[in-house]
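A.B. asks: Letter by letter, the chains look like this.
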Amino acid sequence: MTQMLLETDGLTVRFGGHVAVDAVSCGFRAGELTAIVGPNGAGKTTYFNLISGQITVSAGTVRLMGEDVTRDPVATRCHKGLGRAFQLTNLFPDLTVLENVRLVIQARRKMGFNLFSMAASHTKLSAAAMAVLERVRLQDLAEQKVSALSHGNQRKLEVAILIALEPAVYMFDEPTAGMSVDEAPVVLDLIAELKADTERTILLVEHKMDVIRSLADRIIVLHNGALAADGDPATVMASDVVQEAYMGRDLADV
Amino acid sequence: MLMNLISGDRPRSLVLTILLLGILAALALAPFLFPGVRSLETAARICIFIVLVASYDLLLGYSGIVSFAHTMFFGLGAYGVALASTHMGRGFDALIVGTLAGAFAAAILALLIGLFSLRVRAIFFAMITLAVASAVAVLVSQLSGFTGGEDGLNYSIPRELTPAFKLGKLFGVTINGKLLNYYLVFFASLALFLLMLRIVNSPFGRVLKAIRENDFRAEAIGYRVVLYRTLATCLSAAVAALAGSLFAIWLRYVGPATTLSFEIMLDILLMVVIGGMGTMYGAVIGTTIFVLAQNYLQNLMGVAAGATEGLPLIPQLLDPDRWLLWLGVLFILSVYFFPTGIVGRLRAEN
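Those protein sequence lines, which keep their order, are chains A and B.
According to UniProt numbering, the first sequence is numbered sequentially starting from 1.
According to UniProt numbering, the second sequence is numbered sequentially starting from 1.
Keep in mind the hints are simulated off the structure, nothing from the lab.
Treat the numbers as computed from the prediction; the structure is a model and nothing was measured.
Idealized CB from N, CA, C, for every residue including glycine.
It is possible that part of the hints are untrue.
Label pairs and their calculated CB-CB ranges [stated by the list, open to error]:
id: 1; chain 1: A; residue 1: S147; chain 2: B; residue 2: F331; range: 52 to 58 Å
id: 2; chain 1: B; residue 1: F104; chain 2: A; residue 2: S58; range: 20 to 26 Å
id: 3; chain 1: A; residue 1: D210; chain 2: B; residue 2: R121; range: 26 to 32 Å
id: 4; chain 1: A; residue 1: D9; chain 2: B; residue 2: A131; range: 40 to 46 Å
id: 5; chain 1: A; residue 1: D230; chain 2: B; residue 2: R121; range: 50 to 56 Å
id: 6; chain 1: A; residue 1: A120; chain 2: B; residue 2: L266; range: 34 to 40 Å
id: 7; chain 1: B; residue 1: I123; chain 2: A; residue 2: T76; range: 55 to 61 Å
id: 8; chain 1: A; residue 1: L115; chain 2: B; residue 2: L143; range: 51 to 57 Å
id: 9; chain 1: A; residue 1: N40; chain 2: B; residue 2: F104; range: 51 to 57 Å
id: 10; chain 1: A; residue 1: H18; chain 2: B; residue 2: R121; range: 53 to 59 Å
id: 11; chain 1: B; residue 1: L333; chain 2: A; residue 2: P93; range: 54 to 60 Å
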């Protein structure tokens with residue numbers, strides 16, 4: 001059996017009386033793309049936030065390559081291999097496109113506390129950042145300020161940042177949300193490319209069924225914060241629980 | 001070479017370049033261009049405040065941290081020199097020990113405040129700095145046996161830095177210890193300013209900007225935001241303390257009113273805002289304008305009031321006693337017309 005890169009064990013978070021994520025135990029193997037589906041408010045993004053550390057867990061553990069990271073701060077988890085892209089675009093708006101990616105590479109090379117050299121003199125960082133931008137086809141906009149980019153290009157940059165992190169666990173939260181039909185394939189092709197790397201695992205929150213069908217090796221369904229189904233796409237999509245929880249009864253009836 | 005000195009941070013505006021070079025030349029040649037005690041006092045004050053204001057810009061403009069304790073760090077450096085000179089006797093060793101001790105104490109205090117309060121919301125940090133700064137100011141005025149209380153401390157500095165040390169004349173200007181003292185202040189200030197310019201253009205400086213823009217994402221790409229903010233606070237505090245030490249060496253006197261008062265804190269804030277936050281060069285422009293206005297607006301108004309004598313009302317409005325009113329008007333106008341500061345405005349025109 002291949003190694004579990006990421007495991008959550010009884011992962012739970014409560015906000016007051018509301019249980020947003022309810023004892024989710026799940027493992028993610030290397031070389032696998034897992035789509036996480038569920039209706040709005042099912043706890044998909046909250047589950048992501050617990051894994052990457054933006055929200056403190058109420059109970060349960062997160063293990064990354066066997067190591068318990070439940071109490072680690074976000075930045076530490078990032079260095080250990082958890083990479084996260086956000087659903088709502090979450091960039092450095094006043095910096096250039098290149099600088100957004102360059103900062104990621106600088107973080108990975110642990111150069112942030114370098115106080116007395118000129119940032120501009122580290123040309124290798126810029127070159128590496130440029131190479132990432134070429135993968136998402138943003139190279140021509142490298143010197144633009146992020147706030148001047150179109151929504152679609154901002155989404156691509158969001159993906160570029162995740163790629164630049166080269167994490168063991170890629171976490172995409174609706175990467176193509178709000179992208180036009182001709183822009184989305186760039187991002188989807190990239191995710192397909194990343195899938196080829198058998199050392200890593202990809203978690204993908206996605207609503208679009210055609211995307212899930214073409215990319216996912218496995219689907220897990222969250223419903224009211226709990227794990228409602230887990231299995232290969234064909235089985236899960238056909239199961240009652242998905243028809244009920246995700247598609248809604250009405251659709252299932254049609 | 002030159003690009004290396006200014007860390008590749010070009011002024012990016014012709015007018016700004018000319019202004020900066022003009023200020024640099026004027027300060028470098030101040031004893032020869034503007035002889036006289038008062039103008040030299042003003043020039044030294046400009047040098048020292050450029051460093052102080054730039055170190056505040058490192059916090060406010062580059063890191064987005066609001067602190068009201070900057071004069072406290074300034075005061076720590078000044079009192080460091082004063083206490084060392086009082087207790088160790090006059091000598092360069094006392095100046096060095098006092099300066100280092102002041103900077104070290106400032107960095108440690110900043111570290112403590114930072115670790116306690118930078119994790120939480122920005123407003124909480126601002127309030128903590130206000131509380132600590134007030135407490136220190138009260139302590140300094142109460143512990144009069146140690147700090148001289150409200151009267152402050154007078155002390156001797158090495159003779160080589162005082163007017164009593166005479167070397168002769170150059171271009172009709174007496175070369176004495178006071179002039180050497182001025183050049184100590186000038187070159188130390190220049191070095192500290194260039195050091196800060198380097199820090200804001202370093203990989204660390206880039207992280208600070210990223211945190212200012214979006215601390216949430218900075219953490220998510222692997223930067224421990226609290227550590228970066230704390231280090232920025234410590235650096236800023238240490239540089240402010242060094243500026244305070246220079247001030248103490250220059251004045252040969254420290255007191256709560258000249259180093260710790262809240263008015264100075266407000267002046268620093270205004271200088272940063274007028275010059276342009278997050279630009280470093282804004283500190284140079286803002287400080288020069290502000291200190292010149294503080295020192296010479298009154299004279300200028302006296303002249304203007306004299307010239308308009310005989311006209312109704314205008315001489316009364318221009319009376320030198322009302323200089324603070326006009327200073328206030330100048331600030332409101334400058335903030336209204338240059339919301340991004342003078343440097344921001346000049347750069348936007350390109």
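A.B. asks: Now look at each hint and say whether the structure bears it out.
C.D. replies: Hints versus structure:
1. Look at S147 of chain A against F331 of chain B: about 29 Å separates their beta carbons, and that is not inside 52 to 58 Å.
2. Distance hint check for F104 of chain B and S58 of chain A: the Cβ-Cβ separation is about 43 Å, which falls outside the suggested range of 20 to 26 Å.
3. Distance hint check: the CB atoms of D210 of chain A and R121 of chain B are about 43 Å apart, inconsistent with the given range 26 to 32 Å.
4. Distance hint for D9 of chain A and A131 of chain B: a CB-CB separation of about 44 Å, consistent with the stated range 40 to 46 Å.
5. In this structure the supplied range 50 to 56 Å is violated for D230 of chain A paired with R121 of chain B, their Cβ-Cβ distance being about 39 Å.
6. Between A120 of chain A and L266 of chain B the Cβ separation comes to about 35 Å, which falls inside the hinted range of 34 to 40 Å.
7. A hinted range of 55 to 61 Å is violated for the C-beta pair I123 of chain B and T76 of chain A, which are about 27 Å apart.
8. The given range of 51 to 57 Å is broken by L115 of chain A and L143 of chain B, whose C-beta atoms sit roughly 35 Å from each other.
9. The hinted window of 51 to 57 Å between N40 of chain A and F104 of chain B holds, with their beta carbons roughly 55 Å apart.
10. Distance hint check: the CB atoms of H18 of chain A and R121 of chain B are about 24 Å apart, inconsistent with the given range 53 to 59 Å.
11. The hint said 54 to 60 Å for the Cβ distance between L333 of chain B and P93 of chain A, and at roughly 30 Å that hint is violated.
Of the numbered hints given earlier, the model fails hints 1, 2, 3, 5, 7, 8, 10, 11; all others are met.
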